[in-house]
Structure formats: structure tokens, C-alpha cells
Amino acid sequence: MYSIRIFFQQALFFSLITITGCNVSNKVSEESLKFYAPDNNLIQYTGRIDFTDPKAPRFWQPGVYIDFKFSGTKCKIIVKDEVLWGKNHNYYELVIDDKAHRFQTKSATDTIDISQYLSNEKEHSVKLVKNTEANIGYMELTGIICKQLLQPAKKPVRKIEFIGNSITCAAGSDISEVPCGKGEWHDQHNAWMSYAAVTSRTLNAQYHLSSVSGIGLMRSCCNMDIIMPQVYDKVSMRDNKISWDFNKYQPDVVSVCLGQNDGVQDSTTFCNNYIQFLKTLRGYYPSADFILLSSPMADDKLREFLRSTLTSVTSSMQKAGDKKINFYIFEKQYINGCDYHPDVNEHKEIAEKVANYIKSIKGW
Numbered sequence: 007m008y009s010i011r012i013f014f015q016q017a018l019f020f021s022l023i024t025i026t027g028c029n030v031s032n033k034v035s036e037e038s039l040k041f042y043a044p045d046n047n048l049i050q051y052t053g054r055i056d057f058t059d060p061k062a063p064r065f066w067q068p069g070v071y072i073d074f075k076f077s078g079t080k081c082k083i084i085v086k087d088e089v090l091w092g093k094n095h096n097y098y099e100l101v102i103d104d105k106a107h108r109f110q111t112k113s114a115t116d117t118i119d120i121s122q123y124l125s126n127e128k129e130h131s132v133k134l135v136k137n138t139e140a141n142i143g144y145m146e147l148t149g150i151i152c153k154q155l156l157q158p159a160k161k162p163v164r165k166i167e168f169i170g171n172s173i174t175c176a177a178g179s180d181i182s183e184v185p186c187g188k189g190e191w192h193d194q195h196n197a198w199m200s201y202a203a204v205t206s207r208t209l210n211a212q213y214h215l216s217s218v219s220g221i222g223l224m225r226s227c228c229n230m231d232i233i234m235p236q237v238y239d240k241v242s243m244r245d246n247k248i249s250w251d252f253n254k255y256q257p258d259v260v261s262v263c264l265g266q267n268d269g270v271q272d273s274t275t276f277c278n279n280y281i282q283f284l285k286t287l288r289g290y291y292p293s294a295d296f297i298l299l300s301s302p303m304a305d306d307k308l309r310e311f312l313r314s315t316l317t318s319v320t321s322s323m324q325k326a327g328d329k330k331i332n333f334y335i336f337e338k339q340y341i342n343g344c345d346y347h348p349d350v351n352e353h354k355e356i357a358e359k360v361a362n363y364i365k366s367i368k369g370w
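Numbered per our numbering, the sequence shown spans residues 7 to 370.
Derived from the structure by calculation, the hints contain no laboratory data.
Fair warning: there could be bad hints in the mix.
[As the list claims (entries may be wrong)] In silico EDC-like links for lysine to aspartate or glutamate, alpha-carbon gap of 20 Å or less: (1) K128 / E146; (2) K86 / D193; (3) K161 / D45; (4) K247 / D59; (5) K359 / D306; (6) K133 / D56; (7) K40 / E183; (8) K165 / D73; (9) K86 / E146; (10) K105 / D73; (11) K285 / E355; (12) K307 / D272; (13) K188 / E146; (14) K93 / D239; (15) K254 / E127; (16) K153 / E183; (17) K86 / D104; (18) K75 / D45; (19) K240 / D59; (20) K285 / D306; (21) K112 / E183; (22) K338 / E355; (23) K329 / D295; (24) K285 / D239; (25) K128 / D73; (26) K165 / E146; (27) K93 / D193; (28) K160 / E129; (29) K247 / D258.
[Said to hold, decoys possible] Cβ-Cβ distance ranges computed for the label pairs, FRET-style: (30) S38 / P60: 23 to 33 Å; (31) A326 / I248: 26 to 36 Å; (32) K112 / T58: 37 to 47 Å.
Where is the CB? At the ideal position from N, CA and C, for every residue including glycine.
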């Protein structure tokens, strides 16, 4: 098995598939480059990731990100895509020296040559972010080829988790390449620019996006057969198979933004379901502050329903002794993106409000 893996890695190294539009620099010879497997301790992972095979880490959730630093003027990143249903191709962000570049996978195995973005021999930082969500399929890191991997920057101490639906996934937010109503449904996904990711960068915090488009607390839309409490403990919240180890990530703040897909329900039933879910979360996160958000897409009727129910849920939990629960209501609709979702600029507005509220709670 070991020899087969070595053969495969060498084959990848000498038979690279370069993404269209990425130019190859000739400044450094191929012989001076090294292949680094995904289990190298200089590669840093954040998010719900399946490490069953350490040399093929697999991730589904939007916003999962991988960090590394290197020196040199050439670098290639090898990724795999599930190509779910034989047609889905994930979008991802490559943040190279703090400048973001948007890509989409082209095949089951892509080699991304980022040489054109590198100008000298200084140290470079790279962050690979999965922009699309679990129901578009998984991505897998296969390896990194560069001159020398370096020690990555330390992760931020602060940690946040964002639980939600398509809004938290940033579905329909990015029309920079494909207009609304054109292409595939996921062409406008951009988790890197979600309110969750922007909030976290503002607060210098790590983040997890525990979100699925269409999902609800007690009722999901679009004939979905799952609700958030059923799949929350999984690595892939759409696949609902591999259990997540909550010891791997203990957030300081947990934001819950559910209710848009539930719609207006019986208040008592909705509150009881919400309280039960919060009790489940408290079992996983005994020390975290919980912040319950209304839906940024809510119309007046739904906003007032959520104002009433979130007030009741928070009051009930606090009276029962859980003082680390608060809520925030968005007083306007953010619907300038596709299918009445927030667009990228509105995600920035939402992030500013959420970040300021977290600051007021945590003193950050």
C-alpha cells in the first residue's frame, strides 16, 4: 500500500494538470520543488474535516479553510472534487498574501498553479477556503508542491461557530461572475464573504460555518428530509453520516440564525423546539456564549414572530439558570442577492452589526 501511495504522489508530481489561465513560471526548476502530503504538520486546518485517511482529508461544509506558508516563486496545490451527481464542481477561494482569488474546480483532480500571483522569494501565505456547501459535494486536499513549507502563523485564540441556513452559507450572494438566474444554483455561493467569515475576520477569530441551505429548526424548505437538530453533530450536515468530535473545537461564541425556512409557526411549539436545541448545544459547549439571531431575510411578519419567540426563549433559558444566552434582531431586510438572499455588500453590513454585538457581549 505504501509503495502504491508513493507511486501515486510521484505521478501527480510529474503529471500536473494546470488550471486554465494560470501561467507557469520558469524561474525555478521542477527539481527544486518538493511534494508535501496533507498530513504534514506545517499545513493547518480549520473546520469540520474527515481525517479518516490523514493523507486525503475530506471536507464538505462551507467555509472550511486550510492555511500554509511557503518560500519561493512557485507553488501548486492539488485538490480533488467529488463531482457530485457527475456534474457539481465546488467553488473555492484562494487567499494569497491577503488577496482573494475565486476559483471553481474543473475536474475530479485539479492542480492549481499559483505562480502567477507570486513575485519574489519572500514568504507567502495561502488560505484555501471552500465556498460552496455540503450538498455540492466534498473537496479533498491531495498535496502541496513548493520549494519550502514554513511554520504557519498561529491560529487566533478566539473561536466562533455560526449555525444557520443558506444565509449563513452565503448562497446567492456573489454575482461577480454569474448573474442571478444563470448557470447553476451554487454559482453565486461565497462563504469567504459570508457575514460569518467577515465577522470573524473583524474580530480576529477562528470560525466554523455549521450551515445548510433550506434547513430549519423544526421545518425545512424545498422538500428537505432533515432539520438542523438531526444533522448538527455530523461532519457533513447534508450527508448526515460521519459523527463530529466536539472536543476538536470549543467556540467562545455560538451564533444561531434559524427560522427563515420554518416561517411563522405555533409560538409555543417553536419555542420548545428552540429551547431543546439550545440545551443540546449547551451539552456540547458548556462555557460558550449563545447569540440567537433573527433572520436577515425576514419580512415584517416573520421578524415580529422571531422577536417574540427569541425573547421568550432567551428569558426562559436565563430564568432556568443559563445566563450566557442573548439575542439580536435585524431591523431591516437584506435581499439584494439571488432569490432574495443578501448580496456580498449586505453580508458586510450584517457582519458589522453581528461583530459589534459580539463585542458588546464579550468585550472583544
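Comparing the hints with the structure gives:
1. About 28 Å separates the Cα atoms of K128 and E146, which puts this hinted pair outside 20 Å; it is violated.
2. Of the supplied pair hints, the one linking K86 and D193 holds, its CA atoms being roughly 18 Å apart against a limit of 20 Å.
3. Using a Cα cut-off of 20 Å, the hinted pair K161 and D45 holds, with the two alpha carbons roughly 18 Å apart.
4. Proximity of K247 to D59 is assessed by CA-CA distance (about 16 Å); at most 20 Å being required, the pair is judged to hold.
5. Annotation: proposed proximity of K359 to D306 holds, straight-line Cα distance about 19 Å (limit 20 Å).
6. Proposed proximity of K133 and D56 is supported: the alpha carbons are some 19 Å apart, at most 20 Å.
7. Taken as a hint, the K40 and E183 pair is broken in the structure, with Cα atoms around 34 Å apart against an allowance of 20 Å.
8. Straight-line distance between C-alpha atoms of K165 and D73 comes to about 16 Å, which keeps the hinted pair within the 20 Å bound.
9. Proposed proximity of K86 and E146 is supported: the alpha carbons are some 5 Å apart, at most 20 Å.
10. Straight-line distance between C-alpha atoms of K105 and D73 comes to about 14 Å, which keeps the hinted pair within the 20 Å bound.
11. Our distance criterion of 20 Å between C-alpha atoms is broken by K285 and E355, whose separation comes to about 30 Å.
12. Straight-line distance between C-alpha atoms of K307 and D272 comes to about 14 Å, which keeps the hinted pair within the 20 Å bound.
13. About 27 Å separates the Cα atoms of K188 and E146, which puts this hinted pair outside 20 Å; it is violated.
14. About 28 Å separates the Cα atoms of K93 and D239, which puts this hinted pair outside 20 Å; it is violated.
15. Our distance criterion of 20 Å between C-alpha atoms is broken by K254 and E127, whose separation comes to about 35 Å.
16. Taking the CA atoms of K153 and E183, the gap is about 33 Å. The hint is violated against a cut of 20 Å.
17. For the hint linking K86 to D104, the alpha-carbon distance of about 24 Å lies beyond 20 Å, and the restraint is violated.
18. With a C-alpha separation of about 15 Å, the suggested pairing of K75 with D45 holds against the 20 Å cut-off.
19. The straight-line distance between the Cα atoms of K240 and D59 is roughly 17 Å, inside the 20 Å bound, and the hint therefore holds.
20. At roughly 29 Å between alpha-carbon atoms, K285 and D306 are farther apart than 20 Å, so this suggested pair is violated.
21. With a C-alpha separation of about 16 Å, the suggested pairing of K112 with E183 holds against the 20 Å cut-off.
22. Restraint check: the Cα-Cα separation between K338 and E355 comes to about 11 Å, which is no more than 20 Å; the hinted pair holds.
23. For the given pair, K329 sits about 9 Å from D295 by alpha-carbon distance, which is consistent with the 20 Å threshold.
24. Proposed proximity of K285 and D239 is supported: the alpha carbons are some 14 Å apart, at most 20 Å.
25. Annotation: proposed proximity of K128 to D73 holds, straight-line Cα distance about 17 Å (limit 20 Å).
26. The hinted pair formed by K165 and E146 fails the criterion: a straight-line CA distance of about 24 Å is larger than 20 Å.
27. Annotation: proposed proximity of K93 to D193 holds, straight-line Cα distance about 13 Å (limit 20 Å).
28. The suggested pairing of K160 with E129 holds, with an alpha-carbon distance near 15 Å, which does not exceed 20 Å.
29. Straight-line distance between C-alpha atoms of K247 and D258 comes to about 26 Å, which puts the hinted pair past the 20 Å bound.
30. Under the hint 23 to 33 Å, the C-beta atoms of S38 and P60, about 26 Å apart, fit the expected range.
31. Take A326 and I248: their Cβ atoms lie about 33 Å apart, and the range 26 to 36 Å holds.
32. Checked against the given bound of 37 to 47 Å, the beta carbons of K112 and T58, roughly 26 Å apart, lie outside it.
Of the numbered hints stated above, those contradicted by the structure are hints 1, 7, 11, 13, 14, 15, 16, 17, 20, 26, 29, 32, listed in ascending order.
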